[in-house]
Structures are given as structure tokens and as C-alpha cells.
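Trainee: Each chain is listed here by its residues.
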Amino acid sequence: MIGHRKDLLGLEDLSAEEITSILDTGRTFREVLDRPIPKVPALRGLTAANLFFEASTRTRLSFELAEKRLSADTVNFQTSGSSVSKGETLRDTARNIEAMGIHLVVIRHQASGAPHYLARILNAGVINAGDGTHEHPTQGLLDIFTIREKLGRIDGLRVAILGDIMHSRVARSNIWGLTKLGASVTIAGPCTMMPAEVERFGVTVAKNVDEAIEGSDVVNILRIQLERQRAGLYPSLREYARVHGVTRERLRRAKPNVVVMHPGPMNRGVEIAQDVADGENSVILEQVTNGVAVRMAVLYLLAGQHAPAESATEATPTVEAVKR
Amino acid sequence: MNRPIRIRGGRILDPARGIDRVQDLWLDQGRVAGLGEDAPAALRNRPDVEVIDATGAIVSPGLVDIHVHLREPGQEEKETIETGTAAAARGGFTTVACMPNTSPPLDDRPHVEYVVRRAREHGLARVLPIAAVTKGQMGEALTEIEDLVEAGAVAFTDDGKPVRNAEIMRRALELTRPLGVPIIQHAEDPDLKGSGVMHEGWVSTRLGLKGIPDAAESVMVARDALLAELTGGRVHVAHISAARTVDIIRRAKARGIQITGETTPHHLILTDEAVAGYDTNTKMNPPLRSSRDREALIEGVVDGTIDCLATDHAPHTDIEKDNDFDAAPFGIVGLETALGIYLKALVEPKHLSLSDLILRMTRKPLEVLGRAGGTLEAGFDADVTVFDPAQRWTVRASEFASKSRNTPFDGWNLSGRVLLTVVGGRVTYRAEAEARVS
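Listed in order, the protein sequences are those of chains A and B.
Going left to right, the first sequence walks through residues 11 to 334 as this note's numbering numbers them.
Going left to right, the second sequence walks through residues 14 to 451 as this note's numbering numbers them.
Be aware that one or more of the hints could be misleading.
Chain A stretches covered by chain B per the calculated footprint, using a threshold of three residues with CB under 8 Å from any CB of chain B [claimed, not checked]:
1. 120-134
2. 142-151
3. 204-216
Short, incomplete list of chain B residues facing chain A, as computed with Cβ under 7 Å [to be verified]:
4. L220
5. G221
6. D337
7. D339
Treat the hints as calculated values from the structure; they're not laboratory data.
Glycine is no exception: its CB is placed at the ideal position from the N, C-alpha and C atoms.
Isolated chain B (complex conformation) (with noise of 0.2 Å):
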């Protein structure tokens, strides 16, 4: 068992229960002891507890991503469940859910079990699977959605793709409403995105690639809406990325329809002028949008018709990364610099408080797959993040815990430097004191 640990001196911001205040936090037994005083003397007496310094560090609830693709089974090349885990530590998230577009996909119960339990062995995050809406996500069949919620499920999705036929998500929406998880929507028509490779716009005009209009998410989202509206089910948008699908989704709300979203660090910092030299690394599904669409993103984030904040952490080796733009792979990884993005695109132009982004880092995606925790409150898992908001450091692809180097983020400066990470009260990830300055 490990040792209790004190975490000294930090600011502990732990929004879900509107604490801001500079305090000890005491983790013992893998679970959150207390704050200051109200940690059990007898504890605190201890003579065996590690000592963590933190002063003049943020210390929060662990951070949560619902977004992310291990690739493992089968896309080991890529990334593993050891090393996308490590990449979590790393970025000071201790809960990821992870995709079940692996080869074979997780859509059945022993696949789903394997993931469990590679993530309990090698695993230096929470592991939480979403299993897919169909069969081979073909989009044809339903999987067994009742036995792979058993088998640890927390959500479904065939991302990657969309659930493109509306009766099949119509079924899949009644049949996860009792069970209390949504289905995650990879909302994009296929026939509107065509053969597209980045947002239909004048760069796309002026770089002769291939466009994804906006509708093309948009349509599907509002087709979605209405299908939870007739079910009663709960849809997540994944990685939201246009200003119509936010309206559509504002509008939904208010009429009461559950439907939630997330959007991505870099649909919130980037927009489709940066594709212009043809960077593979600025290629993703759905792309880069224009600045109104980046606009409107953050006002959604800000209003929280956007719940939460999510990576859409999808690493590709260099070789397929390393081509021309039609020919690489969509996606870039995202665990490693998510908070620092974060807070250049939303605290530092003070969209967000930094106790609003850690809300939408922690609490809120956990609420949207129905599930407690994201807060530091005592009995609750001892998972804890603890950062400097203000430590300038540079951003170094070659030295990411990931396998994969896939980020258009390389070289930036950022604030907000990760020193430590906490799992069940074991320390995942510390920052070595020398790699703090750049």
C-alpha cells in the first residue's frame, strides 16, 4: 500500500464544491482523507506520510478526458495503454476514457475486458472504455449494450464515424436510456464531407484542398437532437468544431432535449488559416474551422452549451504523419499540452476562470457519462493534479511520454506547467525540478 500523502502549502481549487483556498490536502488509503484540520488527527500524527510541496501550485481534482484513442488493441504502433496512459500522467489527467476504434474495435465483452484490464496492469491513468454502437462499427448492427456495460462500458460511440442511420441511433438511444449512459456522436455526414481533408473556406479555396462544409457536422447534430428528443436518450457531441452545431445544441437544451458536447484545445486555439503550409499536423476530423466558428466555440464553452473539455488525443506514427496532406492520417495528439492550451485559448484572455476550466476538466465530463467524482471532497478516489498556472515552459514533441509525435503545437511556449499527478494516491507523473525552466 502506499504511503498517505500531505500535499503542503497548494491553492486547492476544487470547483465542484466552490473551494478556493490554500490548504493541505491528505490522501490516504487511495482516497482524499481531508482538507487542512479536517484531515483525521490520528493521520496526521502519522509518522510515515510522504510530504509533497506545493506551495504556490494549484492543486485540483485529477483531470478527466472522455476523448481519447489509446489504439490499442491492435494500433500499437501508434500508441498503447501504457504509453497514452504515461501521456495522461504527463499532461496531469488521471481519468481517460478511451475509443473503440482499435482494430478489432471494442464491441464485444472480451475486448472491453482487455482494455480493463491492460489499464490495471500497465495503466498510469484511470481507463474508463466506451464500447461501440455497432458491430465492427459497420454501423449495421447493435452491439450488446446492456453485457458491455457490465463488462465496464461507460458510453458508446463508433467514432471515428458516425452513427449515419437514424433508426439505428434512434434504437441505440432507447435502449442505453435506462442504463444511464449516453451515445457519443461522431457527427459528420458522410456524403457532405465527401473525400474533404480540412474546412470548406477561402483557405480551402486557396489551397485547392478538398472542403468539409460546417453542415456537415451540423446537420447531423440536429438530426441527433431530435432523435433524443423522441427517445428520451442522452447524446454527447464529440469535438465540436462549428458555430451551427453550437446554436443547435443551445437551442436543444433549452427545449429540454439532453444533449451534451465537448470540443478539442485546438479547434479553441487554432483556425484553418493554419493549414496554410499543408502541415499534416494540422489535419484533424472535423478540421480546423474559421475564426467566427473559433468564436463562437468559446462563447459555448463560456454559456456551457459546451459541458466539458475533451483532447481527441489521436496519435499517428511520423510515417504516416510525415506525406502529403491528402495522403496523412486525420488526428494529433492532445494529453500533453491540453491544460497549457486551455489556458492560453480561455483563462489567459479571460474567457474562463481558472476555477470554471478545471470544472470543465473534472466534474463535468464525468457528469456526462453519468459518473461521480471530480472533486476532492473526502471518501472520493485520491486523484489530484497539481500545476503551476504561471510556469512558462516549452512544448518538446520529442520528449512526449506518448509514442506519437503528431502535434502542431511543437515549440510553443505555454504556462501552466504539470508537477504532479495522483492516482488512487499514487504519484503517476512528477515534474523533474530542472525540466521546469526553459
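Bound-form chain A, shown alone (with noise of 0.2 Å):
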């Protein structure tokens, strides 16, 4: 369990213990993935579905895949703008959730609080894999996991969050948990997509780009949407290059063993440098890597709620249970 909480919504939400309690969960899992079965059978006789309503691979593939790794039943539900209206289409699948007796719904949705709407409706446990312009609760603990696993700590350290802030949930959520943590996080990005107040954060925002890099432990790249082009929140693509992209010049302000993210997919040559994203000091692979585990974490604390209730102890996964 994560606290006494039936769902995952947002790291808003969450205590610095419950986070800590996710992430070493995560390292247990992700010692899982190392072996030569990496499936445990954690989640054996639970029911997961995962629903995108937004289109979306990485975060698809590697929550499905952490349901299998832990031996859940998993089903899929995609749609991308049918000729239902979306709130018609939530509703509806909330119906059919409860119908078929799932313990577990992933969610991702282009409105913000879509998770919250679902969660608010529905006895099955609900995970935010992202909603709208709000939170990516599990991708911001991934990318917490991962900084620690590289630097052995969060406390203290400077991180660096960089592009379009406004719209952008993987920015909220590591804000939420860094800060939380302990970490000092400096944001930058162009004046257009600063949401109001965002200092309220518990964050420093920077002049640029460049006041943000220096002496940051960790630079975490967003990605740039190129409909924020057509809405006049930039000009051009080459102008944000050359304004807001990371170059390898620009890196030599951070840390010499600095760690640098992206959420992915990358625009290569725009936010990120070939030779930043590919060079000796990117983990960007291994956040993928690192997310399974994590996701795996989450859904195992959470389905501590759901085990079904006929077989409640022989089902109930147990840390002993995982480790063996």
C-alpha cells in the first residue's frame, strides 16, 4: 500500500516517505527484471486494464509490461477521438470497468483530472498515467528513481528543468517529488509557457537556459509540442534551438558528472543535442528501463487494496513473496 490510498493520482498528494517507499520498492523490482525469468507472481488473480485515451507507446508498453512481469491479467482499451464524445467514452468505460470486475485501471486522458473523475466513481484502484496538463505521477518517480540510482541521494541536489513548464505533466510531478525529497529544482523555459505563479512551486526560476544549467547535479530536457508553434507560444523551431535547445556547449555550466533526462520521444536538434542525447552523461535509456520497475512498484502497493477478496492471503503479494 502507499499510505492507506486506494489510487495514484499525483505526487502532489504524496508524503517524501510514501515516495521513498515506491522508489525501494523499485530497486526490489528492478533486481527482478535482472533475472533470467524476470516475472514474478506478485499480481497472479488481479485484473488490470489499462486505458489510453491519448495516443502513446512508451508509457503504454512499459505498464503493460510491468503488469505481465508481476503475473496480472491485463486488458487494453484505446481510442483516439472517436465519433463518441469523450465524456461519453469516460463514463461509459467507468460503467464497464465496474461490469467486469477490474481491480486496477491505468489511465491516461488529455484532460486534466480525468484519473481524478475515475477514481472519484470507481471501487478499482486507479493509476494517473497521465492526465492532461496535470501530473505523471509514475513518470516522475521514475525519473526520481533513476537520479538516485545514479547519484545515490535526491537530498540536496540541483536540478535543472528545462522547456515548456506550462504543459507539461512530467514537469509538475517532478517538481511535486523532488522538492518533497529535498532537492532544489531551477526551472527555465520561454516566458510563453511559465504558468502563473509557478514559483509557488517551491522552485527558482531562471533567466535561461544557461543561469538554470550552472552547477546542476541533474538537467531534465522536456520535450517541445510542435502545436505550441501554431499557438504562437514560440516562433520557430529553429529559434527555440537556438534560445532553449541543450547543447554539449551549454551542459559544461552543470556538474562534470551531470545526469541528463528526457521524458521522451525526443526532438532531436531542438530541445536536445544529438551529442546531449547521446552522449556519456544521458540516462535516458535506462529511465525506460527503470520504469518498469517503478511502474511494477506502484501497481504492487496499490493492489494491496485490491486482492480479491475469496483468496485475500494466498494473493496478497508479499515483499517476501517478490524477493524469492
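Build the complex from these two chains, which are given one at a time in their own frames, with help from the hints.
Mentor: Laid out in C-alpha cells, this is it:
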């Protein structure tokens, strides 16, 4: 369990202790992933549904893999703006979930707060796999997990988060999680993509990318969405790359062993230079691997609340069962 | 014909005439016959008078709400003239002005006449239709303003949308000036609003919801104030939500510009913090704003910059509101909770006296429309609201007379229970004795 929670909706809601317990459990599962048969029976008998109302490849695959590695049964539901309005789909889908006896729901939705809506009406546990421009808690957790693996701690680190903060659910989850664990977070990006009163997150707003990178232990580079240009938030990709793109040159201002992260998918040559993406400080592929472990941890910890009633003692997973 | 009515022993509050005293109110032939001994002796001696006891209660002129969406014609699943005016009666309102963003919109004589007729046949309140400024509310061609006034239109608005084009706004102000009716502006710059769903600020940042800056409202009010100055026409700003708007109107009034304004119960009592749980009953347009804005609205109401109070009663079905925040429509119902919310927001914290609140819910809104009434003076319409300001009650959306239940106040405990509503000498609402206590 994460506290006594039914759902994981955002890192804003979690305490430092809860986050740490997820990270610690994630490390156990990270070891499982290196075994010859990387699979444990922890969630046998439970069914997880992956509801993706918005296109996603890596997050959906990562969750599905995490569920399978835990021996859960999985069903997938994907939609992309069908003839039914999204609202009808969401409510009707919720009713179907209730009817099918699903224990855990993983939801990705274009509307901020959609997982909260589902969590309110469902008995099943709800995991937010990214809601609009709100939060992406498992991405935040896997980023923090990766930093901790690399640098051994979070407390006292200087983390720079760069790019489109306003529309980034990754930024929000990272900011909540990192600041709760004692990191100092500096953000930078175009003024048009800096949300109102952003300093109230407890972050420092740097004048520009260079100032944010200065002396940092971690540089997390956000993806720039091409549609933001159409909305007039930046003039051109060329201008964006020139003013905000992270290059090897710019990275020299960071600490020598700086950890470079990107939640993907990358626009190489725009927000991140090719040689930075593939450079020796980049942990971008490790983020992907760690993502499976962290999602296993979240599924496992929430599943404690949703074990099938008739075989609760047998099916409720224990850390011992996982470690064996 | 209804029997004469004697409302006995209540505290008569008629702020338009500065009256505040315990006296009987006599109603006859659909009109106010007089207070106490001033009522004709012949009436006081009649045997068929219906006596209604109002001891301990306030007897005020009927409440007036000049911003109501009755949804008829075309959106009867949300509300009808019958259910909307029943909600009005239950909330103590005797007159409501209805917005033209129906489908089709009230942009020609037949549709305005339809509303007038339906209200006469089925209404439990007086219904004053407000007609569209532009045909189809498309913002392009003006409606037949004089014909519509003849048909019964009391004001013009494209509410739901602003009159975006400054040239059209100018011409509308010029054409309405000689008629003495205002243009009611839903002030919102559509480009600045964009796809925003709540106030732009720390809460929208935290929730990841697209913000609507306060300037979306204020820039258009500033423009309209200048157009009112240019034309000598009269602008009324609907549902003011932002501190900057209050400031602009205050300055414009000081310059002698004919501009008036209203605000709503929800903007006076809630802030954007209420959106934190993504409850779609906190989604309205204009959005709930910051506590600084809320304080400025209260100041504006107190000093008269904001002339009157209105609800922006905006019914939507459960199906529409039961949704994610982005997808749900803007708006909440207000008629059945307005009095209690205003008492809580304005009178209980002693920002306004009870009498000053009643003034802003009776005479003032009628003045905005250039109409007489809003008083218990003999000869005026027998429109009366009796309420007990101290009596506690609990909001139960399931018991609303409105067809819709979209309120953020469900379950709230409020003071100020409406006991009786009378329109033209006819009782339109009477609280059941057992329902009074909660």
C-alpha cells in the first residue's frame, strides 16, 4: 500500500515517506528485471485495465510490461477521438470497468483531472498515466528513481527542468516529488510557457537555460510540442533550438557528472542536441528500463488494496514473495 | 381574481423608500394596497381577506434577477420557463430577465413573443426577455432593435458570447440610446480566453487546467466604457469577476460614463481554490477568481460600483456536468440558493446591511433596465418576498424546482429561508412548515 491509498493520482498528494517507499520497492523489482525469468506471481488473479484515451507508446508498453512481469491479467482499451464524445466514453468506460470486475485501472487522458473523475466513481484502484497538463506521477517517480540510482541521493541535489513547463505533466510530477525529497529545483523555458505563479511550487525560476544549468547535478529536458508553435507560444523550431536547446556547450556549466534526462520522445536537434542525447551523461534509456520497475512497484503497492476477496491471504503479495 | 392578502406582523423592508418597520402589508387587485393604517379602510374590513402571518420575518419587495437562463426554446432538457420560474419563486424571486442564448436565439419578434406568451401561461414569475444584439448571436448583423423592444425586450445581449466587434458594439449602443435600454455585455476577449476553463493563477498552474486571465474580461470592459462614452449609450457589464474590472467601472463612473454592473453569488463567496477537486460544478464563465478579486467584488458591491446582484442561473443536465473538467459545460444554477449565499457573503460578515442587500436585489436591477418597481409603495405591483433571515436550512439540490442540479452549494447550511413569494397578488411559493427546520 501507498499509505492507505486506493489510487495514485499525483505526486502532489504523496508524502516523502510514501515516495521513498515506492522507490525502495522499485529497486527490488529492478533486480527482478535482471533475472533470467523476470517475472513474479505477485499480482496473480488480479486484472489491470490500461485505458489510453490519448496516443502513447512507451508509457502504455511500460505499464503493460510491468503488469505482465507481475503476473496480472491485462486488458487494453485505446481510443483516439472516436465519434463518441470523450465524456460519454469516459463514463461508459467506467461503468464497463465496474461490470468486468477489474481491480486496477491505468488511465492516460487528455483532460487534466480525468483520473480523479474515475477514482471518485470506481472501487477499482486508479493509476494516473498522464492527465492533460496536470501530472504524470509514474514518470516523475521513474525520473527520481533514476537520479537516485545514479547519484545515490535526492536531498541537496540541484535539478534543472528545462522547456515547456506550462504544458508539462512531467515537470509538475518531478517538481512535487523532487522538492518533497529535498532537492532544489530550478526551471527555465520560454516566458510564454511559464505558468502563472509557478514559483509557488517552491522552485527557482532562472532567467534562461544557461543560468538554470549552472552548477546542476541533473538536467531534465522536456519535449517541445510542435503544436505550441501554431498557438504562437514560440516563433519557430529554429528559434527554440537556438535559445532553449541544450547543447554540449551549454552543458559545460553543469557539474561534470551531470545526469541528463528526457522523458521522450525526443526532438533531436531542437530541445536536445544529438550529442547530448547520446552522450556519456545521458540516462535516457535507463529511464525507460527503470520505468518498468517503478510501475511494477506502484501496481504492487496499490494491489494490496484490491486483492480478490476470496483468496486474499493467498494472493496478497508480500515483499518476501517478490524477493524469493 | 385572487382574494386580497394581508401579510401580518412582518418587518417591512422597503429600501427604495427607506422603510424598515413592523407593519401589515395589504395587497389587492394585483397591486400593493398600502401599509398598516394606510391601506383603504374598505379593504381592511373585507371578510374574504387571506391573512398570512409573517411575524418575525422580513417582508420585502419581490426579488429581481436580471441574469437568468431559462433555456426555452430549444434546451428544455436543462430548464423550461415553467421550471425556471418555479425555481425563481422558490428562491424568492418575482421577476427574472431571461437570456437570449436559446436555440434558436431570441433574435426576432416571434421568439421574444413566444417567451412572453409562455411566461404568461406557465410562469411563476414575471419574465422579462432580453433579446440578442446580433442575429443568431453571430456577432455580425444587428437585430431589429426597435421591433424587439416593442415585442417586450428589455435589454440586448449576446450573453454566452461577447459582442466582439467594436464597430457593432458602437452601433448597438447608438441604436439603443434613445430607447433607454442597455446593452448587456458578456465581457470576455475570446482570443485571451482561448480554450481556458478556469481562472489563470496558481490553482490553474497546479491543476494543469488552462487558465483564463482576468484581463480577458477587463480589456473588453475598458473598451466598452470608452464606447459608451463615445456614443452616450448605456452598457451593463454582466457577471463581473475581476478586481481590475471593478476598478475600470469605478473610474468610468467617475467620468460620468453610463456603465453599470452586476456580480453573482458564486463570485462573491467562492474562489478558484474551489476548483481543486476538479468538481465540474465549480466550472463557470467567467471563472471563479482569486481571493483578491473576490474582496474587490465585495468592495464594489458595497460602494455601488457594482450596481446590482444577479445569479447567472445556468442550468445544465447531470449528463453534461458528470464529466471531466474540460468537457463539462460552463455554468451553475443559482436562483434557489442566491438569497442565502448573499446573506452569507455580504450581510453576515457585515459588509452590507440587510436593507442594502435587498436594495441591490430589487430596485437596483430594475433601475439597470430603466424600469420602475422594486418597492412596496401603494399602487405598484403586488410582488412580495417574505423570508426569515435567521432561519437555517440545508441546500438539497435533489429538491430543487429547477430541472437542473448543477450547484456547488449542495449540502451547504445557509441562513435566510424564503417563506412566501407573491407575484401580482398571487402566491407563487409558500414554504411548507415542516420543511423549514433542517
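Trainee: Among all the numbered hints in the text so far, which are the ones the structure does not match?
Mentor: none
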